[in-house]
Amino acid sequence: MDATLGEIAMTLGGQLSDPTASERRVRAIRSLASAGPEDLSFFRDPKYLAAAKASKAAAIICDVAFEGAPCPLVVVEDAGLASSYLLSIERDVQSPPPPAGVHPAAVVDPTAQLGENVSVAPLAVIEAGARIGAGSRIGAHAFVGRNAILGDECTLHPGSMVLHSAVVGARCTLWPYAVIGRDGFGFLQREGKHHRVPQVGGVIVGDDVELGAWSSIDRGAIDPTIVGSGTKIDSHCHVAHNCKLGENVILVGYARMGGSAVIGNNAILAQDGAVGERRTVGDGGIVASGAKVLYEDVKPGEIVLGCPSRPALLQKRIEVLWARLPELFNDVRDLKKKLAKLAGA
Amino acid sequence: MDATLGEIAMTLGGQLSDPTASERRVRAIRSLASAGPEDLSFFRDPKYLAAAKASKAAAIICDVAFEGAPCPLVVVEDAGLASSYLLSIERDVQSPPPPAGVHPAAVVDPTAQLGENVSVAPLAVIEAGARIGAGSRIGAHAFVGRNAILGDECTLHPGSMVLHSAVVGARCTLWPYAVIGRDGFGFLQREGKHHRVPQVGGVIVGDDVELGAWSSIDRGAIDPTIVGSGTKIDSHCHVAHNCKLGENVILVGYARMGGSAVIGNNAILAQDGAVGERRTVGDGGIVASGAKVLYEDVKPGEIVLGCPSRPALLQKRIEVLWARLPELFNDVRDLKKKLAKLAGA
Amino acid sequence: MDATLGEIAMTLGGQLSDPTASERRVRAIRSLASAGPEDLSFFRDPKYLAAAKASKAAAIICDVAFEGAPCPLVVVEDAGLASSYLLSIERDVQSPPPPAGVHPAAVVDPTAQLGENVSVAPLAVIEAGARIGAGSRIGAHAFVGRNAILGDECTLHPGSMVLHSAVVGARCTLWPYAVIGRDGFGFLQREGKHHRVPQVGGVIVGDDVELGAWSSIDRGAIDPTIVGSGTKIDSHCHVAHNCKLGENVILVGYARMGGSAVIGNNAILAQDGAVGERRTVGDGGIVASGAKVLYEDVKPGEIVLGCPSRPALLQKRIEVLWARLPELFNDVRDLKKKLAKLAGA
Chain E
22 MDATLGEIAM TLGGQLSDPT ASERRVRAIR SLASAGPEDL SFFRDPKYLA
72 AAKASKAAAI ICDVAFEGAP CPLVVVEDAG LASSYLLSIE RDVQSPPPPA
122 GVHPAAVVDP TAQLGENVSV APLAVIEAGA RIGAGSRIGA HAFVGRNAIL
172 GDECTLHPGS MVLHSAVVGA RCTLWPYAVI GRDGFGFLQR EGKHHRVPQV
222 GGVIVGDDVE LGAWSSIDRG AIDPTIVGSG TKIDSHCHVA HNCKLGENVI
272 LVGYARMGGS AVIGNNAILA QDGAVGERRT VGDGGIVASG AKVLYEDVKP
322 GEIVLGCPSR PALLQKRIEV LWARLPELFN DVRDLKKKLA KLAGA
Chain B
22 MDATLGEIAM TLGGQLSDPT ASERRVRAIR SLASAGPEDL SFFRDPKYLA
72 AAKASKAAAI ICDVAFEGAP CPLVVVEDAG LASSYLLSIE RDVQSPPPPA
122 GVHPAAVVDP TAQLGENVSV APLAVIEAGA RIGAGSRIGA HAFVGRNAIL
172 GDECTLHPGS MVLHSAVVGA RCTLWPYAVI GRDGFGFLQR EGKHHRVPQV
222 GGVIVGDDVE LGAWSSIDRG AIDPTIVGSG TKIDSHCHVA HNCKLGENVI
272 LVGYARMGGS AVIGNNAILA QDGAVGERRT VGDGGIVASG AKVLYEDVKP
322 GEIVLGCPSR PALLQKRIEV LWARLPELFN DVRDLKKKLA KLAGA
Chain H
22 MDATLGEIAM TLGGQLSDPT ASERRVRAIR SLASAGPEDL SFFRDPKYLA
72 AAKASKAAAI ICDVAFEGAP CPLVVVEDAG LASSYLLSIE RDVQSPPPPA
122 GVHPAAVVDP TAQLGENVSV APLAVIEAGA RIGAGSRIGA HAFVGRNAIL
172 GDECTLHPGS MVLHSAVVGA RCTLWPYAVI GRDGFGFLQR EGKHHRVPQV
222 GGVIVGDDVE LGAWSSIDRG AIDPTIVGSG TKIDSHCHVA HNCKLGENVI
272 LVGYARMGGS AVIGNNAILA QDGAVGERRT VGDGGIVASG AKVLYEDVKP
322 GEIVLGCPSR PALLQKRIEV LWARLPELFN DVRDLKKKLA KLAGA
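Residue numbers (my numbering), protein chains in the order written: chain E, 22 to 366; chain B, 22 to 366; chain H, 22 to 366.
Hints were generated in silico from the structure; no laboratory data involved.
Same chains, same label: a pair holds when it works inside one copy or across any pair of copies.
Computed cross-link-like contacts, SDA-like style, restricted to lysine to any residue with a CA-CA straight-line distance of at most 25 angstroms: (1) Lys362 to Asn351; (2) Lys77 to Arg112; (3) Lys265 to Gly322; (4) Lys214 to Asp173; (5) Lys359 to Glu348; (6) Lys68 to Glu212; (7) Lys214 to Thr194; (8) Lys74 to Leu209; (9) Lys265 to Pro321; (10) Lys68 to Gly35; (11) Lys320 to Pro347; (12) Lys265 to Ala71; (13) Lys68 to Pro91; (14) Lys265 to Asp60.
Work the whole structure out from these sequences, hints included.
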């Protein structure tokens with residue numbers, strides 16, 4: 022980034038609080054605490070007001086002008102989205118989009134169909150019959166299996182995989198070593214031995230889905246596994262066979278499901294949250310960090326906590342009482358003594 | 022799949038309940054609920070009887086004919102194994118076995134020994150001295166290290182690895198990014214610093230073992246890590262250095278061990294089950310979902326639950342009582358008041 | 022290994038207890054229990070004294086001669102470091118260091134700068150502007166992104182990644198599928214939808230750091246994520262965006278942090294230990310296996326246990342009392358009955 026405050030205000034459709042500063046140049050976007058006189062910063066959460074006032078930034082992007090600002094302000098409608106936009110420019114400088122075309126060291130089957138402006142990095146593999154939508158980027162060492170379908174403008178980061186027959190929507194992002202379409206863990210037990218049940222149910226992923234590093238959306242056993250549009254999945258997560266995830270779901274790191282679990286729209290599984298086989302989380306339900314939904318479903322909008330999970334308020338109370346157990350055991354011992362004395366008296 | 026019911030009954034060694042339907046064609050195998058008039062379905066768990074009666078399938082495979090069937094039945098000895106067999110045919114159509122031979126974009130050391138009909142996909146690497154058994158399939162981006170030994174008919178899915186000197190039996194399957202033979206996490210502490218202890222103990226894996234995506238069987242420190250035949254390991258699991266796993270063990274996703282843990286034959290670690298360093302799980306023992314075996318071993322056939330783990334019945338009772346703690350604290354407060362009153366009276 | 026006991030004593034700067042055995046040859050280093058008459062073993066933990074006395078090894082390396090030794094001893098200053106040194110020789114025989122130079126099947130951008138004696142294995146990718154320090158080894162399928170910087174003598178095992186712009190010190194080791202510099206999980210919520218916040222803050226990793234298989238050090242959102250020298254991270258771990266880890270920290274398998282967590286020097290997160298967003302672990306603090314630091318920071322030197330975490334002694338007491346809850350509930354029911362009787366009397 023190398024722009025004047027005037028240019029930045031214009032780009033963001035914002036107002037520069039001190040028009041005389043419009044020619045001042047900035048080169049990077051930094052946090053309030055670390056920004057220096059050539060950096061831009063941003064302020065949107067009131068709890069950082071003191072940090073904003075103490076910032077050494079050249080200028081601060083914000084929603085509403087605040088008193089005691091230490092520098093010119095760029096007042097915009099949504100400081101979050103505005104700074105996100107500037108960060109995307111800085112990201113593209115750090116890591117420019119690859120040129121369209123297939124690198125000579127990629128291995129692309131002649132029957133694969135690539136849309137316009139697709140880029141395929143070195144050592145990527147695209148198998149027979151795969152179809153990749155326009156503008157998609159296939160990273161180094163990435164893998165697209167036989168007859169898999171990707172929508173437009175998808176990004177497969179290095180080492181990510183879409184296995185055979187999986188169907189992925191537009192603008193999806195797979196981080197390194199994410200895998201869509203692994204066979205779920207299905208076996209038949211016969212005389213103490215475990216026999217593989219081949220998984221043929223497929224995977225259907227909507228638009229604007231993210232799948233984090235080392236995370237999986239397994240293919241269904243017979244019917245497909247389904248992930249709705251706008252759902253964002255962090256690293257080390259596991260969506261098991263025949264799960265159904267709604268739209269705009271959030272799975273934070275290590276969140277996981279058993280087979281055939283159902284997660285409603287806008288639900289959140291916080292870090293290490295787990296939902297057992299065939300369990301359901303209603304729309305907008307929240308599984309708090311480390312909570313395990315094993316015995317009871319989560320109602321729409323409900324927040325659950327603990328292992329096994331319970332309604333958050335009850336579990337919070339239980340956790341407080343755990344710390345008072347030593348005292349309680351003492352109290353009961355005392356009561357027994359006193360009562361014995363009283364009864365004996 | 023494209024076959025008549027008569028052909029399917031013959032292939033499965035079964036009986037078609039309505040011989041006049043033997044020319045009817047089916048094209049896919051689907052669940053009872055989703056099967057349509059060109060699909061085959063199957064029924065084996067009595068709890069799905071209503072679904073079986075309501076199914077729109079062309080025919081249903083089952084062990085025993087049932088009343089009220091909505092379509093012809095194919096009655097076989099074991100509906101589970103029979104449908105598994107048909108699914109494996111459908112899987113091979115979706116994702117056909119690769120042709121034998123080494124893809125020109127694979128990198129195979131000339132001293133590596135490949136058995137008959139081995140297939141090596143593009144961009145796989147096979148290092149010096151490695152030996153791959155007949156009929157094995159090495160996927161794209163897979164890696165077989167120096168002097169590693171694989172038995173016959175193994176499948177290394179894309180991106181899976183068998184590192185140097187590891188020994189793997191016949192018919193083993195590694196899913197994407199599974200790794201056999203990583204160095205265990207061994208350090209010596211000296212004056213606050215951590216010094217690597219090289220791990221040279223090797224890994225020995227039996228026949229018919231599965232290792233899931235991003236799962237590891239680490240090499241032993243000095244003596245080998247051992248995994249018995251028929252053991253199936255799901256994704257995100259960790260078998261640490263010097264663990265000994267018996268035969269037909271099941272590790273569900275995120276199951277993990279500390280170093281030198283011992284797991285008996287037919288034992289099960291459910292999702293997120295953990296067994297601490299040097300701890301033992303006896304034959305047929307079950308570590309329930311989320312249970313952590315930290316302080317006490319698991320006896321043969323025992324089921325444990327909770328963190329720290331306890332016998333399942335005790336832990337279940339404890340979990341029920343947790344929810345009654347608020348009531349218990351109230352009761353004790355009441356008792357104290359009443360007793361004080363009584364004593365004072 | 023193929024050396025005489027005399028040569029080994031000399032190499033280790035140790036004393037051979039029986040000089041007449043100096044010509045005896047040994048070929049491998051094995052544990053006390055498994056060593057045979059051509060193997061060397063070592064003894065350093067007094068609890069294995071019986072195993073040492075019963076060992077069939079050709080010779081035993083130890084710090085202090087012990088009575089009843091079954092074979093000649095090689096007495097050294099530090100049996101741990103001495104045997105570690107011998108193991109590193111055995112490891113180099115099993116898996117010899119690769120020759121310097123770039124394999125013809127690697128893809129190295131002409132603007133990348135490689136130091137002296139760097140080795141690049143087949144199918145590795147090194148992007149434009151990357152700089153790799155002297156003596157570093159880049160494994161098969163490994164990836165070094167645009168403008169990333171690696172210090173001298175780093176080892177990138179097969180399939181490990183250092184993404185664009187990340188800065189990594191000297192002598193660092195990345196195990197298979199470890200990733201430095203993935204974008205953290207940052208989104209803005211607007212009208213129920215999640216908008217990606219590009220992460221541009223970078224990653225700075227010190228010297229002598231290890232990052233285990235499928236473990237990540239995410240890049241910071243705006244300011245960098247920092248990992249201090251000497252820190253060792255096991256497999257399946259997660260260092261989130263903007264975390265700051267001190268020096269010589271240990272993270273055991275599945276240890277994880279939320280964003281902006283701070284971990285002091287020499288702290289330990291045991292297996293599956295978790296530290297929530299913005300939480301702090303003081304210098305030398307220990308998060309025990311499975312403990313989740315969610316609501317309170319960990320003081321320097323403190324040991325915490327449980328979920329939610331508490332001081333270890335309190336939590337241990339709570340865990341013991343859990344098992345006595347059935348008894349406690351009975352006691353209180355009894356007390357209520359007796360008191361009612363007494364009050365009624």
